[in-house]
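Enquirer: Please take these sequences and the hints and turn them into a complete structure.
Number of protein chains: 2
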Amino acid sequence: MSHPLFEAHKPTLDAALSALHTRGYWSPYAENPSPRSYGEDAAEAGKRAFESHLGRDFVLDQPGQAGWAATERSPYGVALDVRYPVCAPDALIGAAEAAMPGWRKLGAEGRVGICLEILQRLNRRSFEIAHAVMMTTGQGWMMAFQAGGAHAQDRGLEAVATAWDEMSRIPAEAVWEKPQGKNPPLRLRKHFEIVGRGVALVIGCGTFPTWNTYPGLFAALATGNPVIVKPHENAILPAAISVAIAREVLAEQGLDPNLVTLAVVDDPAATRHLATHPAVKSIDFTGSTAFGNWLADNARQAQVYAELAGVNNVVIESTDNYKGMLKNLAFTLSLYAGQMCTTTQAIIVPAGGIDTDQGRKSFDEVAADLGAAVARFLSDESVATAVLGAIQSPATLARIEEAHGFGQMVLASKALTHAEFPRAQVRTPVIVACDAADEAAYMEERFGPISFVVRAADADAALALSERIVRERGALTVGLYSTRDAVVEAMTEATLRAGVALSLNLAGGVFVNQSAAFSDYHGVGMNPAANASYADAAFVANRFRVVQRRYHID
Amino acid sequence: MSHPLFEAHKPTLDAALSALHTRGYWSPYAENPSPRSYGEDAAEAGKRAFESHLGRDFVLDQPGQAGWAATERSPYGVALDVRYPVCAPDALIGAAEAAMPGWRKLGAEGRVGICLEILQRLNRRSFEIAHAVMMTTGQGWMMAFQAGGAHAQDRGLEAVATAWDEMSRIPAEAVWEKPQGKNPPLRLRKHFEIVGRGVALVIGCGTFPTWNTYPGLFAALATGNPVIVKPHENAILPAAISVAIAREVLAEQGLDPNLVTLAVVDDPAATRHLATHPAVKSIDFTGSTAFGNWLADNARQAQVYAELAGVNNVVIESTDNYKGMLKNLAFTLSLYAGQMCTTTQAIIVPAGGIDTDQGRKSFDEVAADLGAAVARFLSDESVATAVLGAIQSPATLARIEEAHGFGQMVLASKALTHAEFPRAQVRTPVIVACDAADEAAYMEERFGPISFVVRAADADAALALSERIVRERGALTVGLYSTRDAVVEAMTEATLRAGVALSLNLAGGVFVNQSAAFSDYHGVGMNPAANASYADAAFVANRFRVVQRRYHID
Numbered sequence: 000m001s002h003p004l005f006e007a008h009k010p011t012l013d014a015a016l017s018a019l020h021t022r023g024y025w026s027p028y029a030e031n032p033s034p035r036s037y038g039e040d041a042a043e044a045g046k047r048a049f050e051s052h053l054g055r056d057f058v059l060d061q062p063g064q065a066g067w068a069a070t071e072r073s074p075y076g077v078a079l080d081v082r083y084p085v086c087a088p089d090a091l092i093g094a095a096e097a098a099m100p101g102w103r104k105l106g107a108e109g110r111v112g113i114c115l116e117i118l119q120r121l122n123r124r125s126f127e128i129a130h131a132v133m134m135t136t137g138q139g140w141m142m143a144f145q146a147g148g149a150h151a152q153d154r155g156l157e158a159v160a161t162a163w164d165e166m167s168r169i170p171a172e173a174v175w176e177k178p179q180g181k182n183p184p185l186r187l188r189k190h191f192e193i194v195g196r197g198v199a200l201v202i203g204c205g206t207f208p209t210w211n212t213y214p215g216l217f218a219a220l221a222t223g224n225p226v227i228v229k230p231h232e233n234a235i236l237p238a239a240i241s242v243a244i245a246r247e248v249l250a251e252q253g254l255d256p257n258l259v260t261l262a263v264v265d266d267p268a269a270t271r272h273l274a275t276h277p278a279v280k281s282i283d284f285t286g287s288t289a290f291g292n293w294l295a296d297n298a299r300q301a302q303v304y305a306e307l308a309g310v311n312n313v314v315i316e317s318t319d320n321y322k323g324m325l326k327n328l329a330f331t332l333s334l335y336a337g338q339m340c341t342t343t344q345a346i347i348v349p350a351g352g353i354d355t356d357q358g359r360k361s362f363d364e365v366a367a368d369l370g371a372a373v374a375r376f377l378s379d380e381s382v383a384t385a386v387l388g389a390i391q392s393p394a395t396l397a398r399i400e401e402a403h404g405f406g407q408m409v410l411a412s413k414a415l416t417h418a419e420f421p422r423a424q425v426r427t428p429v430i431v432a433c434d435a436a437d438e439a440a441y442m443e444e445r446f447g448p449i450s451f452v453v454r455a456a457d458a459d460a461a462l463a464l465s466e467r468i469v470r471e472r473g474a475l476t477v478g479l480y481s482t483r484d485a486v487v488e489a490m491t492e493a494t495l496r497a498g499v500a501l502s503l504n505l506a507g508g509v510f511v512n513q514s515a516a517f518s519d520y521h522g523v524g525m526n527p528a529a530n531a532s533y534a535d536a537a538f539v540a541n542r543f544r545v546v547q548r549r550y551h552i553d
Numbered sequence: 000m001s002h003p004l005f006e007a008h009k010p011t012l013d014a015a016l017s018a019l020h021t022r023g024y025w026s027p028y029a030e031n032p033s034p035r036s037y038g039e040d041a042a043e044a045g046k047r048a049f050e051s052h053l054g055r056d057f058v059l060d061q062p063g064q065a066g067w068a069a070t071e072r073s074p075y076g077v078a079l080d081v082r083y084p085v086c087a088p089d090a091l092i093g094a095a096e097a098a099m100p101g102w103r104k105l106g107a108e109g110r111v112g113i114c115l116e117i118l119q120r121l122n123r124r125s126f127e128i129a130h131a132v133m134m135t136t137g138q139g140w141m142m143a144f145q146a147g148g149a150h151a152q153d154r155g156l157e158a159v160a161t162a163w164d165e166m167s168r169i170p171a172e173a174v175w176e177k178p179q180g181k182n183p184p185l186r187l188r189k190h191f192e193i194v195g196r197g198v199a200l201v202i203g204c205g206t207f208p209t210w211n212t213y214p215g216l217f218a219a220l221a222t223g224n225p226v227i228v229k230p231h232e233n234a235i236l237p238a239a240i241s242v243a244i245a246r247e248v249l250a251e252q253g254l255d256p257n258l259v260t261l262a263v264v265d266d267p268a269a270t271r272h273l274a275t276h277p278a279v280k281s282i283d284f285t286g287s288t289a290f291g292n293w294l295a296d297n298a299r300q301a302q303v304y305a306e307l308a309g310v311n312n313v314v315i316e317s318t319d320n321y322k323g324m325l326k327n328l329a330f331t332l333s334l335y336a337g338q339m340c341t342t343t344q345a346i347i348v349p350a351g352g353i354d355t356d357q358g359r360k361s362f363d364e365v366a367a368d369l370g371a372a373v374a375r376f377l378s379d380e381s382v383a384t385a386v387l388g389a390i391q392s393p394a395t396l397a398r399i400e401e402a403h404g405f406g407q408m409v410l411a412s413k414a415l416t417h418a419e420f421p422r423a424q425v426r427t428p429v430i431v432a433c434d435a436a437d438e439a440a441y442m443e444e445r446f447g448p449i450s451f452v453v454r455a456a457d458a459d460a461a462l463a464l465s466e467r468i469v470r471e472r473g474a475l476t477v478g479l480y481s482t483r484d485a486v487v488e489a490m491t492e493a494t495l496r497a498g499v500a501l502s503l504n505l506a507g508g509v510f511v512n513q514s515a516a517f518s519d520y521h522g523v524g525m526n527p528a529a530n531a532s533y534a535d536a537a538f539v540a541n542r543f544r545v546v547q548r549r550y551h552i553d
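Protein sequence lines, in the order shown, are assigned to chains A and B. Going by numbering that gives the first Met the number 0, the first residue of the first sequence is number 0, and it counts up by one from there. Going by numbering that gives the first Met the number 0, the first residue of the second sequence is number 0, and it counts up by one from there.
Derived by calculation from the structure, the hints in this document are not laboratory data. Warning: the hint list may mix true and false statements.
Copies of the same chain are indistinguishable here, so a pair counts whether it falls within one copy or spans any two.
[What the hints assert, rightly or not] Below, computed lysine-lysine pairings styled on PhoX-like, alpha-carbon distance capped at 25 Å: (1) Lys177 - Lys9; (2) Lys46 - Lys322; (3) Lys181 - Lys322; (4) Lys181 - Lys326; (5) Lys326 - Lys177; (6) Lys322 - Lys177; (7) Lys322 - Lys413; (8) Lys46 - Lys413; (9) Lys360 - Lys181; (10) Lys104 - Lys177; (11) Lys181 - Lys104; (12) Lys360 - Lys177; (13) Lys322 - Lys9.
Please read these numbers as outputs of a predicted model, since none were measured by experiment.
Expert: This is the structure we're talking about:
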């Protein structure tokens, strides 16, 4: 007797598993906000739904509510004033624990079916969520719709499918029959039950409140764990809508909605209290290395899956498509004003310059041409504001200012005016050239539209520097431009040693900062930038255990 | 182009995977030391091979050798005097790191093929290894052959098959083709490479030097990691033979034998140095909770898979087979003189007694009848010494003495003389009755042939006590005897909450202390007795990562 929602969504699940095992392109969720995919009224209805939250209480009917908090400040300068319930952490944990046995008893099929239903509902509300993502993070509209909607849903589905892939290979029961020579065999019946490890805490970030939250949320939930979502104080609405949808589906199914709750805290100590609570057995965290290390040191009762700071880098050794390379890099540096965990920060170029299809280019020419490519790409202000979005945090604005002093200026950052949102903080990238020895400049993460063209002694030194950056500072992405097999091979070996994903000679419509669900392993989990990957077996397998019982049968 | 050893052993691998997914009885390794399975000369040749090690240098040709050490003392009182190479920890780690890239490049099929070949060679040398296990641990011969040979090999194979199950679902490469409407699709080729996390350290125990070592050894090796085996100082020979066999196969295959090395240390600080070395990324440990906690606190750079102390327990609420129950428990308490991590320590009985097929039995009658059943089972001294084996450590001898003061004596321990080994330290079990309130007596692990019949207020209190013991002190096994569905259900729920494997009403030829590979999840990994289980997905999936590279294709 399979669960009706499991049956209903099984074709999607089967296709997701097939995609995971072949790792070609696949997505069930349309990334374009087109009426053909989402319906004629979807865009308008979604915008209205978003606006209906503004200036209101976001009612979730959670236990232990002690008050309301409104902490979001839109990078676009518009008023949000959504008030969220502030609930006592212990009440959320107690309610989560109480909800857990029923969720376990539902079994893997039921849990997966319900997760897939939640994802489908999230997809239907993509416009509403996209507006919430855009207005809280500063992402441009198209990016908010894609990364905040379909691509985030893809990552959630990927986690569910990966969890199912592990859980489905565990039989519910078995007959164990051991021959005893001439005597009758020993016969046991055994039951195997999948049991979640305990309360899961998912701590979101301010820039990708759905994309970086759904993997942990759905991996934990599918494997039998209640989930407390603790969003970034400035990007609550996308998480709140997502949690509300999950609670709605759970309640419809007669399950305890407190399996998924939202933790909005008005005191930072509450987050630390949640994270170190003995009942919390897993923490998914995206954010600063400082807090990630604090979690690793203090939340020892939990398995921590962390995505932290890094210094993504690209080595340019040679290219047969100079123009394509520059355009490709210009897009990467510009998209969401470099506020992606995958944006390139250090672009390492041999001091002696590089061979290209346009002849030899000196180090200074490469740097200048890259700056010019960025300036050209952003020369149309309407394109520029759509691509750049707004700067998410005042700290990033300060880093942009500071970056101008870190070396030889290649391209200065400019403030642009957004036609639709005059109070939006829009900034173009700053690019600085420096020597490899200037490690203080480029060797720590400077989150935002800040990058460095780093002068290495030669190609070997460039590769060695890239590897050392990955090992010491971490990286989610590295790139290489080279026409030489030996260089490609050496860089490949370096990335295998250091543990980082490599993009080679990207000069078209794919960018080093993009990671596609079902195909790209985001994060790897081998260097300081992340200790886990979306979504491999290790991301899900440790979130549950198998508890068995056995007895004799005739 | 598959690896020849992968092809050669593929039928075994396929059968192992099938067994894992159905969890019925299966083993490719004969557990009986019969000539039909192992050949006419195997027994004699194995004994000679074992004896050839005694009083000699065990040459392994490892790097950094600084001397020799002979630390083993046989519980059977026979001279061993095998001298093992003592190698500098940093030399072993350096050699392991140097060997790793070649092992990675071989690929999952090659690694799995070689692991399966090593296991086959281990099986062929089961007699030699069984003698080594028996003489270093004090196990009886049949147990040493079974648990030290075939069953340990089963657990190794289980780990390899589980690793393969995870690795085989990752394609080596993919073409990712994303439609672009009317434009040509974006096309990337992607390569996915499985990369081990780093040097694995496997720390063995003094009682099961192969059974508790092979899972970590083979899980780490198959997933791409070099392995340093650090055996217990009193049970080196079984590990040394196993390591030598692994090195022999690796060398034959043209691979670096330093992928598997033996770390015999003459200074305890060397173990701590190994465990906290930055290159060591995983530690498999079986042993004391004190050192397990030290590893968790100090070896933070590594994933620690630990099997620690616990207080296994059985609740007797009622039975329809009183005699069978008592015989079954008597065997469990006697086997290897209770020196198994799965032996029952606390037998919890309601103060008001129990219903049985032989009428009502008072608490005192149950305790006395259990003592009598043990005494009867061990009344034939040749049976007794074969089952009990010898006491592995002087600390266990001391604990037996001490136990006599912990309550009302049910059965005193006796020293027996072993006909073949007159200097063997053979002891029968001690059983003490006490109240549930006497927690100081039974609520900590007292490793050895020491058990307690614990008087609980009633059945509910007995179940609650069992659950609390599991939660607070840990347990690898619990049992229940009950004829009442409601009690079975309540105990089942308690074990699902606390996370421990349950055996129900065992009264025949299966015992609560036995755990069968491919079927039983040994350890669960949810309570203080173990943080991992042999061998589920979580036991292997975190030992490797996937590193990818991608580039445009036409």
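Enquirer: Now tell me if each hint is right for this structure.
Expert: Hints, verified against the model:
1. Lys177 - Lys9: between (36 Å within a copy, 23 Å between copies)
2. Lys46 - Lys322: neither (39 Å within a copy, 74 Å between copies)
3. Lys181 - Lys322: Result: close only across copies, 24 Å inter versus 80 Å intra.
4. Lys181 - Lys326: Between copies, since 22 Å is at most 25 Å while 77 Å is not.
5. Lys326 - Lys177: So Lys326 and Lys177 pass the 25 Å test across copies only (20 Å; inside, 67 Å).
6. Lys322 - Lys177: between (69 Å within a copy, 23 Å between copies)
7. Lys322 - Lys413: For Lys322 and Lys413, the Cα distance is within 25 Å only inside one copy (24 Å; across copies 88 Å).
8. Lys46 - Lys413: neither (30 Å within a copy, 82 Å between copies)
9. Lys360 - Lys181: For Lys360 and Lys181, the Cα distance exceeds 25 Å both inside one copy (84 Å) and across copies (36 Å).
10. Lys104 - Lys177: Close neither inside one copy (30 Å) nor across copies (40 Å); limit 25 Å.
11. Lys181 - Lys104: neither (41 Å within a copy, 49 Å between copies)
12. Lys360 - Lys177: Answer is neither: 73 Å inside a copy and 33 Å across each miss the 25 Å cutoff.
13. Lys322 - Lys9: Neither way: Lys322 and Lys9 sit 45 Å apart in one copy and 51 Å across, limit 25 Å.
When the structure is compared with the earlier hints, violations turn up for hints 2, 8, 9, 10, 11, 12, 13 and for no others.
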